[in-house]
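Visitor: These are the residues of each chain, in order.
Number of protein chains: 2
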Amino acid sequence: MLATATEADQGPIVLAGVLLTLIVIYLASKLGGELSKAVDLPPVLGELVGGVVVGASALHLIVFPEGGAQAADSLLMTVLQAIAGLDPRAAASVFESQSEVISVLAELGVIVLLFEIGLESDLRELQKVGYQAAVVAVVGVVAPFAAGTVGLMFFFKVSAIPAIFAGAALTATSIGITSKVLSELGHLKSKEGQIIVGAAVIDDVLGIIVLAVVASLAKTGEVNILNVIYLMIGASAFLLGSIFLGKFFNKSFVAIADRLQTRGKLVIPAFTFAFFMAFLANVIQLEAILGAFAAGLVLDETDKRKELDREVVPIADILVPIFFVTVGARVDLSVLNPVVPENQQGLIIAAFLIVVAILGKLVTGWTVFGQASINRFAIGVGMIPRGEVGLVFAGIGAASGALDKPLQAAIIVMVILTTFLAPPFLRLAFKESADKQPDLIG
Amino acid sequence: MLATATEADQGPIVLAGVLLTLIVIYLASKLGGELSKAVDLPPVLGELVGGVVVGASALHLIVFPEGGAQAADSLLMTVLQAIAGLDPRAAASVFESQSEVISVLAELGVIVLLFEIGLESDLRELQKVGYQAAVVAVVGVVAPFAAGTVGLMFFFKVSAIPAIFAGAALTATSIGITSKVLSELGHLKSKEGQIIVGAAVIDDVLGIIVLAVVASLAKTGEVNILNVIYLMIGASAFLLGSIFLGKFFNKSFVAIADRLQTRGKLVIPAFTFAFFMAFLANVIQLEAILGAFAAGLVLDETDKRKELDREVVPIADILVPIFFVTVGARVDLSVLNPVVPENQQGLIIAAFLIVVAILGKLVTGWTVFGQASINRFAIGVGMIPRGEVGLVFAGIGAASGALDKPLQAAIIVMVILTTFLAPPFLRLAFKESADKQPDLIG
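Quick note, the sequences are listed as chains A and B, same order.
Per numbering that gives the first Met the number 0, the very first residue in the first sequence carries number 0; after that it's consecutive.
Per numbering that gives the first Met the number 0, the very first residue in the second sequence carries number 0; after that it's consecutive.
Errors might be hidden in some of the hints.
Copies of the same chain are indistinguishable here, so a pair counts whether it falls within one copy or spans any two.
Unchecked claim - With a straight-line Cα cutoff of 30 Å, these simulated BS3-like cross-link-like pairs (lysine-lysine) come out:
1) K36 to K250
2) K264 to K36
3) K264 to K430
4) K404 to K430
Quick caveat, the hints were computed from the structure, so don't treat them as lab data.
Make the full structure from the sequences, and use the hints.
Guide: Okay, here's the thing in structure tokens:
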């Protein structure tokens with residue numbers, strides 16, 4: 000038992016790996032979050048930076064096979080391998096299993112985050128700002144896509160398909176990062192906050208449709224119209240269906256929760272519903288987080304809201320950091336090193352993409368109509384962070400051969416910087432408005 | 000994207016599988032738990048039965064590769080395969096990943112359960128009943144081991160090594176099931192409850208040492224004395240170290256938690272500590288749950304206890320059912336079918352093992368000294384459920400060739416029945432004492 004481990008013995012070692020990874024994630028998230036808070040920045044920025052420190056860019060404690068890492072590249076696996084006396088083949092299999100578990104835990108983390116954001120949002124408020132949010136979303140997709148694609152073709156002589164791919168990667172706002180920062184700043188329920196969240200949701204749906212179009216264009220050279228129609232119908236049906244549910248299902252939910260007698264009588268039906276909606280969204284090829292957000296919106300309409308809110312908080316507290324730290328850990332900052340010759344072209348393109356990414360979303364603030372005194376700058380800034388969807392574009396683009404190395408690196412740099420710049424900027428944007436109207440927000 | 004999925008696309012499908020599995024688990028746990036409660040039985044019994052219904056014995060919604068199941072044996076995978084259009088190879092890989100994730104979630108569930116039980120237990124109370132618990136544990140290991148081994152050799156002409164293996168499988172009480180039932184009955188903090196929990200912890204350690212002895216005996220024909228000494232020293236150092244920590248570390252913990260400003264300021268340090276202790280226990284080849292229990296005991300000594308307790312409850316509510324439902328789902332009741340000829344010999348041996356398993360633990364109640372008015376029957380009954388450790392013995396025994404099919408089936412039947420009989424019996428045992436002393440417990 001002490002010497003080498005066989006297949007059957009790997010269960011406890013995978014568990015040990017997961018526990019060790021979670022310990023590292025929690026330490027990184029708390030150290031980063033607290034330091035960030037101490038210098039008056041949103042804690043989530045510190046969690047992302049904490050992830051970068053323990054991830055592929057620096058300490059190599061947490062790395063993922065999708066990033067091309069092997070078991071031997073993971074410092075944590077090296078420790079585990081020495082403790083458990085694993086041979087390299089067993090280590091590779093433990094590394095794979097452990098990474099899979101952590102990836103799913105991170106996805107459950109962002110699902111719970113969006114469920115919580117949904118619970119904190121107000122369906123009626125969202126509907127009130129629905130048209131404004133839709134305009135912000137559409138402009139925020141079209142502007143950076145058009146400017147990015149045309150600019151790459153015109154200034155950098157990039158051919159059409161890779162330029163369209165890179166342009167598409169500029170479209171989708173990271174709803175997770177934006178909503179978390181808004182919540183931390185206490186602005187989630189403000190009119191600006193609700194427009195940003197609503198627009199981020201719509202823009203996420205648009206981003207998925209754009210991805211489907213671009214991916215089929217890159218693969219076959221033409222657009223699969225049927226798939227696009229399918230996605231558009233699915234997305235509309237899903238969002239409208241959720242609002243419909245929000246008005247009728249919530250009573251049944253309360254009736255069920257009231258009849259249950261055993262432990263978890265509120266939280267288990269709530270999570271069953273949230274996971275079901277996430278599954279549904281996932282199955283119709285939207286993102287699981289959209290389903291969780293919709294579930295949160297629906298349950299926010301019930302009179303169990305406050306109790307549920309209180310119970311979801313600790314669950315979110317232990318799951319959400321796994322998402323943010325692993326987002327940071329997956330980033331490889333070595334693409335930013337200007338000494339490496341092949342990075343240089345990427346960095347120049349990246350500079351262009353970042354300008355387009357920021358300006359393309361900033362303008363959306365000024366498209367909000369009928370709201371004279373609104374903080375337009377804050378809305379624009381709130382739409383800036385790109386996060387994981389941009390990375391998905393870069394990954395699929397590289398895998399399909401549509402993107403060459405410099406262009407792929409440029410997209411990654413753009414995602415990193417928009418993600419890391421948005422939290423402090425958003426803080427600033429709301430601070431300015433608070434300074435202007437101290438009586439309103441304080 | 001709609002047609003077949005390649006390796007890179009499997010992430011979302013694994014997530015969909017995990018979400019679907021969790022939905023089934025939650026539905027099974029709530030339906031089972033509520034029905035059980037309605038007929039005045041402990042809810043955890045219903046969760047186990049719910050697991051049996053959705054598991055390998057009936058609906059085949061949740062099955063595991065370790066049980067010899069393929070993707071095609073899982074009804075849930077069949078649904079997923081149809082939805083996502085997976086080819087059989089991709090389905091096999093998704094099934095494997097998804098099962099791994101659910102297994103680890105179940106293990107995290109029992110870790111959180113034992114952490115919570117530790118938080119609800121009182122180190123000083125446990126120390127007060129320490130000697131009694133140790134005697135109960137030792138007798139509860141020696142009696143069924145000796146009676147089982149000798150009886151199998153004498154009555155059933157089983158040769159020495161398999162008889163010793165089966166005897167050893169009778170030793171370890173399932174601390175998870177016992178402590179959950181005690182908590183549900185409101186008897187965790189009673190003197191009887193603390194003796195049972197203390198004895199179950201010690202007996203778990205003894206069981207692990209017995210397993211190491213028996214496994215090396217079965218593999219090499221002789222006992223690896225060094226490994227046994229290593230385990231005994233490790234276990235003693237770990238338990239004494241935890242008590243030591245309990246007296247000194249708790250102040251540092253409060254000091255750290257008090258200085259933190261961001262969300263999860265109590266629950267993240269607490270889980271970091273619990274996971275660290277679980278990791279440590281796992282690494283020195285004890286069980287992770289022992290570490291989590293020790294962590295709970297340590298943090299119970301702090302003045303953050305109540306706040307932490309409140310925050311751990313919803314986390315336990317969503318994770319613990321995953322453990323109990325999968326325990327039920329892994330059970331294959333087909334070994335109980337008396338029509339199958341090869342089950343018949345197993346069932347006869349099983350009847351013998353069950354009698355030994357129950358009597359061997361029941362007697363422990365009468366070994367408690369210096370406690371005149373204690374409910375001895377309840378203590379004996381509390382030690383009866385065997386649960387997962389017994390299944391580990393059966394699995395290792397079968398893999399090493401020490402156990403033949405009827406004997407392995409007999410052990411599994413013994414585990415099933417002791418696990419399912421104990422909750423209602425325990426309920427009865429405490430009810431009787433309540434009827435006798437209505438002024439004390441009522």
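Visitor: The structure should be examined with respect to each hint, and the outcome stated for every one.
Guide: Outcome of the hint check:
Taking the shortest alpha-carbon separations for K36 and K250, only the inter-copy value of 24 Å comes in at or below 30 Å, while the best intra-copy value is 40 Å. Within a single copy, K264 and K36 get their C-alpha atoms only as close as 35 Å, which misses the 30 Å cut-off; across copies the closest is 12 Å, which meets it. For the identical chains of this complex, K264 and K430 are inter-copy neighbours only, at 25 Å across copies versus 41 Å inside a copy, given an alpha-carbon limit of 30 Å. Proximity of K404 and K430 under a CA criterion of 30 Å is satisfied in neither setting, with 39 Å inside one chain copy and 71 Å between copies.
Checked against the numbered hints above, the structure breaks only hint 4 and satisfies the rest.
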